[in-house]
Amino acid sequence: MRRLLSLLFALAAAGCAEAPSPSPPAAGFTTGVTREGGYTVGWRVAGAARPPFNRHFELEVRVERDGAPVEGAQVFARADMPGHGHGMQTEPRSRELGAGEYLVAGMLMHMTGHWVLSIDVITGGTAHTVDFDLAVELD
Amino acid sequence: MKRALFVAALCGAGCGADEATSHPAQAAVPAPFDAQDVQRILHLSPLGDPPPDPTNRFADDPAAARLGQALFFDTRLSKNGQTACATCHVPERSFADGQRIAQGVLPLDRHTPALWNVAWQRWMFWDGRSDSLWAQALVPLESPLEHGSTRLQIAHLLHDDAELGAAYEAVFGPLPELDDEARFPPVGRPVPRDDHAHELAREHEARSGHTHGGASAFYHPHQRAWDRMRGPDQHAVTEVFVNVGKAIAAYERLLVSRDAPFDRFVRGLRSGREEDLAALDMPARRGLQLFLGKARCHLCHSGPLFSDMEFHDLGLPSASGGRRADPGRQEGIATLRRDPFNGMGPWSDDPRGPARTKLDYLPTHAHERGEFKTPSLRNVAVTAPYMHQGQLATLVEVLEFYSSLEGREPGSSSGERILAPLGLTVQEQEDLFAFLLSLIDEGLDPILTTPPPSPALR
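Residue numbers (my numbering), protein chains in the order written: chain G, 1 to 139; chain F, 1 to 458.
Source of the hints: derived by calculation from the structure; they are not laboratory data. Among the clues, some could well be false.
Covered, in the sense of this in silico footprint (three residues per stretch, anywhere, with C-beta under 8 angstroms from a C-beta of chain G), are these stretches of chain F [what the hints assert, rightly or not]:
no.	stretch
1	66-74
2	89-99
3	299-312
4	416-425
Positions of the beta carbon are idealized from the N, C-alpha and C atoms, including for glycine.
Start from the sequences, fold in the hints, and give me the full structure.
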């Protein structure tokens with residue numbers, strides 16, 4: 001049952017991203033393309049298959065453009081519950097790991113339900129955003 | 001019946017794989033639930049063991065807890081000699097006080113929360129301005145509204161009382177020598193800029209017509225006494241004070257409620273034992289189904305604590321005697337960051353551990369005003385009144401509020417779009433009430449509800 005839910009979750013998350021990835025996603029990464037700028041952004045939860053319910057977690061984020069890793073960008077992640085009119089009660093921060101990879105720490109989704117994860121990639125003073133719909137379920 | 005068998009088959013095929021949510025002996029899903037209900041219900045019990053608190057290395061020390069219990073009931077930890085922790089957190093009143101607004105040595109401006117299962121809380125106080133139980137315990141002791149005491153006064157008490165002193169030293173090591181009054185005045189403490197003492201001084205000025213040259217120039221006698229002390233002496237006194245908080249926290253961690261009729265029912269869901277399933281009658285079961293369904297209570301009152309441990313705005317207007325335009329969590333975050341006793345501070349026993357994660361990612365932008373911590377619902381039926389200023393007197397009023405949302409502040413609560421009138425029928429409200437009654441477990445060992453015969457374990 002859990003595997004089935006994970007699969008459904010992954011399908012839903014992938015299906016709601018802005019556009020299909022131009023390159024095959026790395027294992028476990030959900031990918032989407034920013035609304036402007038053509039950045040392919042992939043994310044996965046560090047050490048878990050999905051965002052845990054009401055526990056702090058980290059996001060691994062990969063950024064590519066035209067198939068090449070994007071280095072030196074600033075990456076921000078936030079998550080909101082559109083149906084509730086609020087988001088997380090934390091303010092995550094990221095650091096660059098190299099080779100187009102970034103680690104976002106301080107994520108905490110404290111309620112079950114529909115969330116929108118927004119990842120901003122800032123390069124050259126311009127923010128490029130991609131949104132992902134996801135469902136937070138009880139663990 | 002077909003539906004029940006189908007649901008049972010579904011669970012038998014898939015749910016058994018997950019230890020956390022398994023109920024292998026279950027023969028059928030009891031009415032009126034369906035498989036999804038059962039999955040959600042299983043997440044609400046058991047509560048398990050309290051999480052460790054690495055910021056307090058004495059958190060689970062029985063001798064510290066015994067000392068903490070003695071201190072919890074000791075009115076000498078107050079300015080007027082009449083106020084203890086137990087004055088507001090009354091064991092016979094489910095560790096609350098039954099009052100709308102708390103009353104310490106002076107009136108406060110929020111409601112006294114019950115202490116059940118505080119060991120599980122992520123944040124303390126309605127606004128979460130403390131991040132550990134021991135840091136929380138220190139605040140009332142020096143608040144001029146609550147105990148009105150000072151860390152010097154408390155250190156002297158431990159030093160001068162042979163029994164308390166021996167119990168302290170058995171846990172924390174030698175007390176400092178406090179006999180020299182020139183070095184260790186009888187009272188004194190740091191008085192932060194946002195301390196109520198300044199407000200009280202302003203009020204005193206207004207009443208008496210005598211001014212100190214403006215509130216900002218007011219030099220509190222407690223601060224003056226503190227400033228005259230040498231740094232190492234201040235440090236020694238603060239260490240005693242912190243250890244008092246850690247001892248009280250060790251005691252409060254024992255105030256556990258996790259064997260309510262609801263918990264027995266959930267055990268029954270897992271085992272299939274009819275005796276356990278009988279712990280919830282049909283009205284309570286219908287109430288539980290509403291809790292998870294139409295009423296959507298579980299969105300905020302989630303997990304075995306029946307709280308998401310975070311902050312929400314219901315849009316309730318301030319109560320008479322309550323704080324006007326209470327900023328709630330917005331101010332709580334600012335206070336928490338400044339708190340020298342927070343989990344990343346010098347008095348924490350694990351400043352780089354999980355406490356750091358909690359504090360590191362607090363929002364820096366302005367938080368919504370008026371958000372307060374989701375209270376746990378365990379023992380909720382015996383801890384009236386309700387809400388952060390006790391605005392609602394009874395559980396019936398709470399259910400009526402959520403049903404109609406009448407009485408909300410006009411234009412309030414932009415941050416909780418999901419809050420909509422539930423339109424509960426009288427029957428539904430009665431069923432929810434019956435379910436909330438099933439969360440009562442006050443079966444605490446009586447030895448924890450009175451002052452111990454001795455502050456030391458023997």
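To test your reading of the hints: which numbers does this structure violate? 1 and 2
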